[in-house]
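Using the sequences and the accompanying hints, generate a full structural model.
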Amino acid sequence: MTLPLAQLLVVAPKREVWWIGAIEALVILMALLLTFAFMTLIERKVLGRLQLRYGPNRAGPFGVIQPFADLIKLVRKAPFQPDRLIHPALYLGAPVLSATMAFLAFSVIPWGGGWELFGYQIDGQVVNVPISLVVVFAIGSISTYGVLIGGWVSESKFALLGAMRTGAQLVSYEVALALSVLGVVLMARSLSLTEIVAAQHRTIWYIVPQIVGFGCFAIAGVAEVGRAPFDLPEAEQEIVAGYHVEYSGMRWGLFQIAEYVHMITVSALMVTLFFGGWLFPVLHRFGPIWFLLKLAIVLFCFIWARASLPRLRYDQLMNLGWKVLLPIATLNAVATAFFVVLV
Amino acid sequence: MIGSTLISVGRSLGVTLKQIFRGTVTEQYPEYKRPVYPRFRGRHRLNLHENGLEKCVGCSLCAAACPVDCIRVVAAENSADNRVSAGERYARIYEINLSRCIFCGYCELACPFDAITLGNDYELSEYSRSDLIYTKDMLLAEPIKRTPVADAALYDTPTPYYRTDS
Chain A
1 MTLPLAQLLV VAPKREVWWI GAIEALVILM ALLLTFAFMT LIERKVLGRL QLRYGPNRAG
61 PFGVIQPFAD LIKLVRKAPF QPDRLIHPAL YLGAPVLSAT MAFLAFSVIP WGGGWELFGY
121 QIDGQVVNVP ISLVVVFAIG SISTYGVLIG GWVSESKFAL LGAMRTGAQL VSYEVALALS
181 VLGVVLMARS LSLTEIVAAQ HRTIWYIVPQ IVGFGCFAIA GVAEVGRAPF DLPEAEQEIV
241 AGYHVEYSGM RWGLFQIAEY VHMITVSALM VTLFFGGWLF PVLHRFGPIW FLLKLAIVLF
301 CFIWARASLP RLRYDQLMNL GWKVLLPIAT LNAVATAFFV VLV
Chain B
1 MIGSTLISVG RSLGVTLKQI FRGTVTEQYP EYKRPVYPRF RGRHRLNLHE NGLEKCVGCS
61 LCAAACPVDC IRVVAAENSA DNRVSAGERY ARIYEINLSR CIFCGYCELA CPFDAITLGN
121 DYELSEYSRS DLIYTKDMLL AEPIKRTPVA DAALYDTPTP YYRTDS
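Listed in order, the protein sequences are those of chains A and B.
To convert, note that position 170 of the first sequence is 170 in this note's numbering; the numbers rise steadily by one, no gaps.
To convert, note that position 79 of the second sequence is 79 in this note's numbering; the numbers rise steadily by one, no gaps.
Hints should not be assumed to be uniformly reliable.
Said to hold, decoys possible - The list that follows gives simulated cross-link-like pairs (lysine-lysine, DSSO-like), each with its CA atoms no further than 30 Å apart:
| hint | chain 1 | residue 1 | chain 2 | residue 2 |
| --- | --- | --- | --- | --- |
| 1 | A | 73 | A | 45 |
| 2 | B | 33 | A | 45 |
| 3 | A | 157 | A | 73 |
| 4 | B | 136 | B | 33 |
| 5 | B | 136 | A | 45 |
| 6 | B | 18 | B | 33 |
Source of the hints: derived by calculation from the structure; they are not laboratory data.
Pasting the structure below:
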């Protein structure tokens, strides 16, 4: 599998100019927003197929206008908010914080090898930092604040309880999530996602040696983004939303955007850490396309799990996080450490 | 314990994945209207004799039988130069408030002349409540929308005689 990697990763003779980075950020932002918009549609359609229905198919051909119809409806909704808000600025800021951090986390994910165009260097990610894996987790943790603040400033006990429930879940599973990727970090001997992708190309996709870590990451990742079967933050059939009960219209929409973009980010992280990122044994030129393809498969699995698995009870959720995933992820990291040192 | 959990999770994932290949069971309603049961109780009709006279004699038995009081009948005398029904009197006003009607069919049972029967039409939405008060002219006229009706032979029910002989 050893191919001339130096040719794939265009070795930067000069650094990326700042305005190219800005344009790249804008493109990625738009791409993420579009992915989010169509993710809502595709999720409903795939969910429908799994349940022997069609899903939305009325707005435009095959329902492709549905996300835009939803957007217009959300924007036009009355921005109703609780009476007697003590911190109106925080109330408005919480969803913004959540959504911003969700978008920000994606900026370090590599989706291509970098290109040289008209003498300018274009990187395969928005920002190339040597500790990008840590950045993703750090920004993901800040996003939890949006949830906690949003539930707390809503001046409603149900929103507060929901925020506590969500906060506890996110904090618990972040531990398992971070520990499950430790094996990958040890094997690649780097925290840079670009390096991890390159290391997988040199050896083998890390899903093979890190299958246990992958399992932990997959379960903890689903819990971390609050998706079924861990969607206790918003158990729509039973308790109907938690931290964002007092939000409506596009303010609620921002929380929804944050959830979906988180899902996309975690999927992208999974692709990067365990499935070789944008590289594939053949046809390296189509880096971003391979990346999108792998991303689509992982996202499908998210929807598939939602259609298949019943929601966990809260104590089951905590048991799974602390008593099952955490020990397994720790053991996996320790075993990988021994292996890396000895071999 | 973890192993059995993983196996059951995998099995449930398999069950749902199989459903994708089964296609859908949804009927796309406005494009496809499933034929209704032959004796489906829908919108009312007022019937005529073969010679064009109304069957209704304005006896108000339907209004008396109606459990939700949605029928209003005001009768008038037939005269030689204004003969509307076959009987002594006729319904000068015959209104059914379909926003109240529960389609129980008691009016049909109460009617001694089979003047009022329940048809098969169920697409009765209107933008205003007052539009749902059907007058005598509307009930006498042929329905504008035709509702597909399943073949009566498929079911073990006789076709009502008022459908065959008028």
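To see whether the hints hold, each was checked on the structure:
{"no.": "1", "hint": "A/73 with A/45", "in the structure": "holds, 19 Å"}
{"no.": "2", "hint": "B/33 with A/45", "in the structure": "holds, 23 Å"}
{"no.": "3", "hint": "A/157 with A/73", "in the structure": "holds, 28 Å"}
{"no.": "4", "hint": "B/136 with B/33", "in the structure": "holds, 28 Å"}
{"no.": "5", "hint": "B/136 with A/45", "in the structure": "violated, 47 Å"}
{"no.": "6", "hint": "B/18 with B/33", "in the structure": "holds, 28 Å"}
Hint compliance for this structure: hint 5 is the single one not met.
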